[in-house]
Amino acid sequence: MQQIHLGPIDYALLILYFVFVLGIGWVLRRFVRSSDDFFLSGRSIPAWIAGLAFISANLGAQEVIGMAASGAKYGIMTSHFYWVGAIPAMVFVGIFMMPFYYGSRARSVPEYLKLRFDEKTRGFNAITFAVMTVFSSGISMYALAKLLELVLGWNFHASVVLSAAVVLIYIFLGGLTSAIYNEVLQFFLIVLGFLPLVLLGLKDVGGWDGLVAKLQPVATNAGFAPGAWSDSWQHMTSPTSNPMGVEWFGMVMGLGFVLSFGYWCTDFLVVQRAMAADSMTAARRTPLIAALPKMLFPGLVILPGMIAIALHGTGGGLLPIGADGTPNYNLAVPVMLAHYFPSGMLGLGLTALMASFMSGMAGNVTAFNTVWTYDIYQSYVRPGQSDRHYLWMGHMATVFGIGASVAAAYAATRFNNIMDMLQLVFAFVNAPLFATFLLGMFWRRATGHGAFFGLLLGTAAAAIHHGLALPQTAVPGLKGAFLGAVLHTYPSEMAQNFWTAIYAWTTCFVATIVISLLTRRKKSDDELRGLVYALTPRLKDGDLPWYRQPAALGVVVLGLTLVLNLIFW
Amino acid sequence: MKLDVRLPIGLMFALFGAILAGYGLAAGDAISDRSLGINVNLWWGVVLLAFGLAMLALAIRAARSGGGGASAR
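As they're listed, the protein sequences go chains A and B. First residue of the first sequence? That's 1 in this note's numbering, and the numbers climb one at a time after it. First residue of the second sequence? That's 1001 in this note's numbering, and the numbers climb one at a time after it.
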């Protein structure tokens, strides 16, 4: 594609943004007095701030770029990643799980596992999580720098160093509070930066109806029904009738239940924001407040991709064609920015992209430094030190966490295959997690051995399933069938991933129950108070106005999501 | 009390808005052919400016009514 040329005004906006994020860190530095301030904001964040940070930390550049790419490739079915694959889990974690996370006073998700189960379950979760966060922030840094190199002609090394340094400085100075405040700022920047793009694009294609009409040839050319790009559910009865190659059951169970609940309910990156809230009800409302903008995000991040492919189809090749003859979907966002934004707005759009990258990276880094310091360093390396020492370690962990991410970004430039393999292993480890938490929170008989070996068996089940199945067009290797035999062929990679998750979860669920029944319970009812549903006093929200009651808010969120699904059925 | 998060947000968007709107006024419609003939710098600059000022107003009101800061709901 033709490179985008930035003018002085565009750089002025970008620099102004850097000044503000660093300034926020600078002002907040004097509030960091204890490790609790640095890692958990002293549990003082109001619900709406925690809620916006919750959603912003999740909204990395990979999501902005990737969801638009998906919108171009699969159409509005991509919104299932929001309406099925996020909202229900966000409601669940807010209403049912937050009482245990927040109420137990655990300082991290792995620490909850230690309180509920045992040391080895915590250790397994803490170490895999720490490694995963470093790699995922490295991989997204790599992706961003590559994109900026391609689109703007920026130097790869300069992009990596600059973005890493800014995030490092503001977290080092102000800890989690600084990350959260900046995430709120980044949230508004992302919304207000991409909204005009969507509005201009929609006006250009003749509104929603015009877009639907223009997407029909895209669908029929690919051999699908005319509405395949603009109906979210109608073509899901069989995997062969929609571009994702997934049927509704695999999607609802694999994505909507296993993967989505596994991420939103157990990933410390998001849960940490709610743990920093100033009260139990604020913590419970955090994911629910986050769900409100989240359900509208498809309009912000998927629509640009859909508009791009609609224009690509009729306007003569908007998207550049890759080596394999298909459009380069990952360039949908930058191409759209260059297509509609003049100098000035271009700076705003680019700053928004940068903001999304930084919010995602800061989420990873703050989660990493907390898990490293509390769950690894304090538990296994040097227990029993002063709080001052752990605060110092938190600062150090921020530095070497970011250093390791930069190293991972460079590793990604050289060893693409190793990175793909690592991400696959992470997917295996993550898939069964929710079964462990579900049983831990709602079944007091679940034991530490059950949880630990259930997790291991679930991970193994994911690897075995993946190793014996293959997507239709793929060759054996990382994409599947590495165990030498193909027992099942899936219509698409996505379908295979969803089913891998379903097998992993089910194995972990059953194995944890069986092993728990065979092993002795080590934790007494007294020790499990506040950690398990049956042993925790019910929370009473009756005296709050309805819009501040988590349960009522949850019903509203689910109702609105249902309406969205019906509108775009 | 910690910093009220609406303060930096309001300030930044007000500045962004003022810069964009000013640039839109100065450049006129000359660079609007990409954006469907709309002077998007000017109009979106005004939107950002209004958003920024509204955030600032909320932050200032909270500070005046005492306590304020991050304890604002």
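Hints listed in this document are in silico derivations from the structure and should not be mistaken for laboratory results. Beta carbons are placed, not taken as given, at the ideal position from N, Cα and C, and that holds for glycine. A portion of the hints provided could be inaccurate.
From the structure, some residues in chain B lie toward chain A, with a derived Cβ separation under 8 Å [stated by the list, open to error]:
#1 Lys1002
#2 Pro1008
#3 Met1012
#4 Leu1015
#5 Phe1016
#6 Leu1020
#7 Gly1028
#8 Ile1031
#9 Arg1034
#10 Asn1041
#11 Val1046
#12 Leu1048
#13 Phe1051
#14 Ser1065
Outcome of the hint check:
no., hint, in the structure
1, Lys1002, "holds, 5 Å"
2, Pro1008, "holds, 5 Å"
3, Met1012, "holds, 5 Å"
4, Leu1015, "holds, 6 Å"
5, Phe1016, "holds, 6 Å"
6, Leu1020, "holds, 5 Å"
7, Gly1028, "violated, 11 Å"
8, Ile1031, "holds, 4 Å"
9, Arg1034, "holds, 5 Å"
10, Asn1041, "holds, 4 Å"
11, Val1046, "violated, 12 Å"
12, Leu1048, "holds, 6 Å"
13, Phe1051, "holds, 7 Å"
14, Ser1065, "violated, 15 Å"
Hints 7, 11 and 14, counting from the list given before, are not met by this structure.
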